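First to last, the sequence lines map onto chains A and B. Counting in the working numbering, the first sequence runs from 1 upward without gaps. Counting in the working numbering, the second sequence runs from 1001 upward without gaps.
Among the clues, some could well be false.
[Claimed, not checked] Pairs of lysine-lysine, DSS-like flavour, derived with a Cα cap of 25 Å:
#1 A:K200 - A:K215
#2 A:K141 - B:K1046
#3 B:K1200 - B:K1215
#4 A:K46 - B:K1141
Because the hints were derived from the structure by calculation, they are not lab data. Given the structure is predicted, the values throughout are model-derived calculations rather than measurements.
There are 2 protein chains.
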Amino acid sequence: MPPTITAFESSPDRGRGLARDMRVRWAFEEVGQPYDVRLVSFSAMKEPAHRALHPFGQIPTYEEGDLVLFESGAIVLHIAVRHGGLLPDDANARARAIAWMFAALDTVEPPIFDRSLVQILERNEPWYEQRLRALDGSIRKRLSDLSGRLGDADWLDGAFSAGDLLMVTVLRRLNSSGILEEYPNLAAYVARGEARPAFKRAFAAQLAIFTAASKG
Amino acid sequence: MPPTITAFESSPDRGRGLARDMRVRWAFEEVGQPYDVRLVSFSAMKEPAHRALHPFGQIPTYEEGDLVLFESGAIVLHIAVRHGGLLPDDANARARAIAWMFAALDTVEPPIFDRSLVQILERNEPWYEQRLRALDGSIRKRLSDLSGRLGDADWLDGAFSAGDLLMVTVLRRLNSSGILEEYPNLAAYVARGEARPAFKRAFAAQLAIFTAASKG
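Just chain A, same shape as in the assembly (with noise of 0.2 Å):
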């Protein structure tokens, strides 16, 4: 039995790989490990079922045997410990790899995430301007650090790690914003990233899931 996560059963982003279960879907296809979907409604995301599983009422959610996982950076974390392909092999390397999955998550993502919230919830309120402005802020500082680290090398520290695989998927969220454009060999990696056949694999399923719905 292959391992199970859950994705929305409607894609908030119609189809642009930008909710949690992609970075998920893309470690499982860098690694060559197969992985069963089932799909949840925001209605029952936040039923005693799904937070039996995932406390916050969230996806992705990981389930296999007896283990049950939530939060996406700790399955992609599990992924790469528990398959090869993701991690360096050197201890020290492997150590800075997964320091690389934190920064992701905990350093750039913030701002990347609250900018696309901001966009959503506070487009009415009357400090919209001012307050996109700020988070554009924090956003360009951090990726003006992360390109000035990354130089003109093709990955953050030596091959394509899981730390490349969470900063990839975070920064796509950017896609639209023109902010990435700014620092071109930020968008040089992020196509890097896309355009990995694992990238597309796990790109063109969780796409096929939006397109179902939209037909149905």
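Got chain A sorted already, so can you dock chain B onto it with the hints?
Quick look at chain B alone, frame taken from chain A:
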């Protein structure tokens, strides 16, 4: 040579132990690993020498021989993996403890950290009250879920783990807000963490830096 971490030369919270070196100090104390501390000023944090250790110019960093790490979550995980006492031996229980580490930093911390920032940076903005209320709403949603999951257990999943360590450090930031007290089991959970001898040693060590600086 013990590992060296970095911490603020001048404590922004006046020794309340809310900076992110506190969680790393606590982890060291839980596993009984001695460590050295190098203090850095706010200006030095942005200089190339420190940025070589931390691409985003923050603290803490971790240096041990050839290995350099950044991101407090990654450093705590590294300490927990290298030493006994912060992660269960059973593989599934270990994966769940790591999931709580990610939950603390990625799901619970963001609105709590934003609240501190907004109180400092946006106090004179026209939207201040409304923004604070919105953040308090987000925080209460997370705390309510967390409180429901914790129930009357001592720790989030069996014995005390690195997941609890990070969650307690995240929740401590609410100590002066009055919000934590609305969830008595969470307030007791934080108190249980703060009562651990390892926490007390770590707290005293960071407080000593503030006290010494105040006298100097």
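Each hint, compared with the structure:
About 22 Å separates the Cα atoms of K200 (chain A) and K215 (chain A), which keeps this hinted pair within 25 Å; it holds. A distance of roughly 12 Å separates the Cα atoms of K141 (chain A) and K1046 (chain B); the hinted pair therefore holds under the 25 Å criterion. Pair hint K1200 (chain B) plus K1215 (chain B) holds up; C-alpha atoms about 22 Å apart against a cutoff of 25 Å. Distance check on the hinted pair: K46 (chain A) and K1141 (chain B) sit about 12 Å apart at the alpha-carbon level, within 25 Å; holds.
Hint compliance for this structure: every hint is met.
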